[in-house]
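Chains as they are written, first to last, in our numbering: chain A, 733 to 847; chain B, 56 to 166.
Simulated from the structure, these hints should not be mistaken for lab results.
No residue lacks a Cβ here, since even glycine has one placed at the ideal position from N, Cα and C.
Be careful, since some hints might not be right.
[Said to hold, decoys possible] DEER-style ranges, computed between Cβ atoms:
#1 B/Gln158 - A/Arg791: 13 to 23 Å
#2 A/Thr745 - B/Thr84: 43 to 53 Å
#3 B/Glu72 - A/Glu810: 44 to 54 Å
#4 A/Phe806 - B/Arg100: 20 to 30 Å
#5 A/Glu815 - B/Arg132: 38 to 48 Å
#6 B/Ser163 - A/Glu810: 30 to 40 Å
#7 A/Arg754 - B/Gly70: 42 to 52 Å
#8 A/Ser737 - B/Glu161: 26 to 36 Å
#9 A/Gly735 - B/Ser64: 22 to 32 Å
#10 B/Arg132 - A/His742: 31 to 41 Å
#11 B/Lys165 - A/Gln749: 38 to 48 Å
[To be verified] Calculated pairs, DSS-like style, for lysine-lysine (alpha carbon to alpha carbon, straight line, at most 27 Å):
#12 B/Lys165 - A/Lys789
#13 A/Lys803 - B/Lys153
#14 A/Lys789 - B/Lys124
#15 A/Lys789 - B/Lys109
#16 B/Lys58 - B/Lys109
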Amino acid sequence: DTGVSQNPRHKITKRGQNVTFRCDPISEHNRLYWYRQTLGQGPEFLTYFQNEAQLEKSRLLSDRFSAERPKGSFSTLEIQRTEQGDSAMYLCASSFEDRGLGEQYFGPGTRLTVT
Amino acid sequence: LAKTTQPISMDSYEGQEVNITCSHNNIATNDYITWYQQFPSQGPRFIIQGYKTKVTNEVASLFIPADRKSSTLSLPRVSLSDTAVYYCLVDYYNQGGKLIFGQGTELSVKP
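For reference, chain B alone in the conformation it holds in the complex (with noise of 0.2 Å):
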């Protein structure tokens, strides 16, 4: 059964770098790992999307380990707007193109 599962609070002080890990244990090959951030009363920003080894660009880096059972999140020197929900969300292609979010992570950015 295809789940996505990632923790459901993180605290964080400004400047230091926060790691949020997703799991996804019945990834396929093909199937993409994404990643929104979410403010109350809004939708979803796209903040990163890959689906092997390493991806950067200039808000966020994913890392996706060989076996691609979890992914990592990387957010570099954190803000006080940071603040937020972050969800990971897996593209079950190849389980009928289910699209399933995780639960999110709300992030908590402390001053």
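Bound conformation, chain A alone (with noise of 0.2 Å):
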């Protein structure tokens, strides 16, 4: 297993605009996790699946962002009418556990720049 990927890597578009992001966990983890992170700050904890289900939502997490993982695989985190202040680095992470906190392992992030 190579970890966990996301798709695209940077994206730029212009405000308004809508942007999808992907990321496939490692296989067997049934847990999956998305964060924004800006520069010199930790990452900002978005929500999380636990298999297919969405367990938990930030406050932070508006009406324009949306978020699936169908089948309990791969997920998408999807913002509509992007503003400028969305531009930051997408995380995703996923883990294995059945109760508590497991080790996350982060993929690489997509960097969103709004102009």
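Once you've looked at the hints, go ahead and assemble the two chains, each given alone in its own frame, into the complex.
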């Protein structure tokens, strides 16, 4: 297994456009997390899935953001009507855990620039 | 209000032991504390995790006092390649499962 992969690695879009990012977790991992990281800050939790169920959403996740994980495999994060404030690195992580918090394996991230 | 706080930066020299402390005043009994390392343009990488007393692995130790309001990551004999940003993550499980990272400690190791 090559680890967590994210595509695209970079995305430049104009304000008001929709963008979609993909995350492919480590295959046997049942949990998948999305974070947003801006320069000089720690990652901010956005949402997480256990298998295909979305169990937690941060209040940071406005109604312009939506995430899915069909069949408990890969996940997509969509941002509608992008704003300049959405410019950030979007990180995906996966873990295997049946309770508590396990070791999260992070992907390389997708850097979004909104012009 | 759950918050995870750590120093912004630290300097050290090769071969020294480095201790980075994280404050998490509102932590509950079963909330885990995890430390990650991040290099530029990469995702964070797991270092160590615990929720009480002391945990040690091949790269670090994690010390958690009895009141659990803080924790200390200890890196023995750092090298230049340990120059990175170190994040403390607390899973405030008993406060709705909020995963809160600290703002990161930028460690600079000098020769």
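Do the hints match the structure? See the list:
1. B/Gln158 - A/Arg791: 13 to 23 Å: 19 Å, holds
2. A/Thr745 - B/Thr84: 43 to 53 Å: 44 Å, holds
3. B/Glu72 - A/Glu810: 44 to 54 Å: 46 Å, holds
4. A/Phe806 - B/Arg100: 20 to 30 Å: 22 Å, holds
5. A/Glu815 - B/Arg132: 38 to 48 Å: This hint holds: roughly 46 Å between Cβ atoms.
6. B/Ser163 - A/Glu810: 30 to 40 Å: Roughly 38 Å apart at Cβ, these two residues keep to the hinted range, so it holds.
7. A/Arg754 - B/Gly70: 42 to 52 Å: The hint (42 to 52 Å, Cβ to Cβ) holds, given that A/Arg754 and B/Gly70 are roughly 43 Å apart.
8. A/Ser737 - B/Glu161: 26 to 36 Å: The hinted range 26 to 36 Å holds for A/Ser737 and B/Glu161, with Cβ atoms some 27 Å apart.
9. A/Gly735 - B/Ser64: 22 to 32 Å: 29 Å, holds
10. B/Arg132 - A/His742: 31 to 41 Å: About 37 Å separates the Cβ atoms of B/Arg132 and A/His742, which means 31 to 41 Å holds.
11. B/Lys165 - A/Gln749: 38 to 48 Å: 45 Å, holds
12. B/Lys165 - A/Lys789: The hint is violated at about 41 Å.
13. A/Lys803 - B/Lys153: 24 Å, holds
14. A/Lys789 - B/Lys124: The hint holds at about 26 Å.
15. A/Lys789 - B/Lys109: With a Cα-Cα distance of about 32 Å, the restraint between A/Lys789 and B/Lys109 is violated, given a limit of 27 Å.
16. B/Lys58 - B/Lys109: Distance of about 22 Å is within 27 Å: holds.
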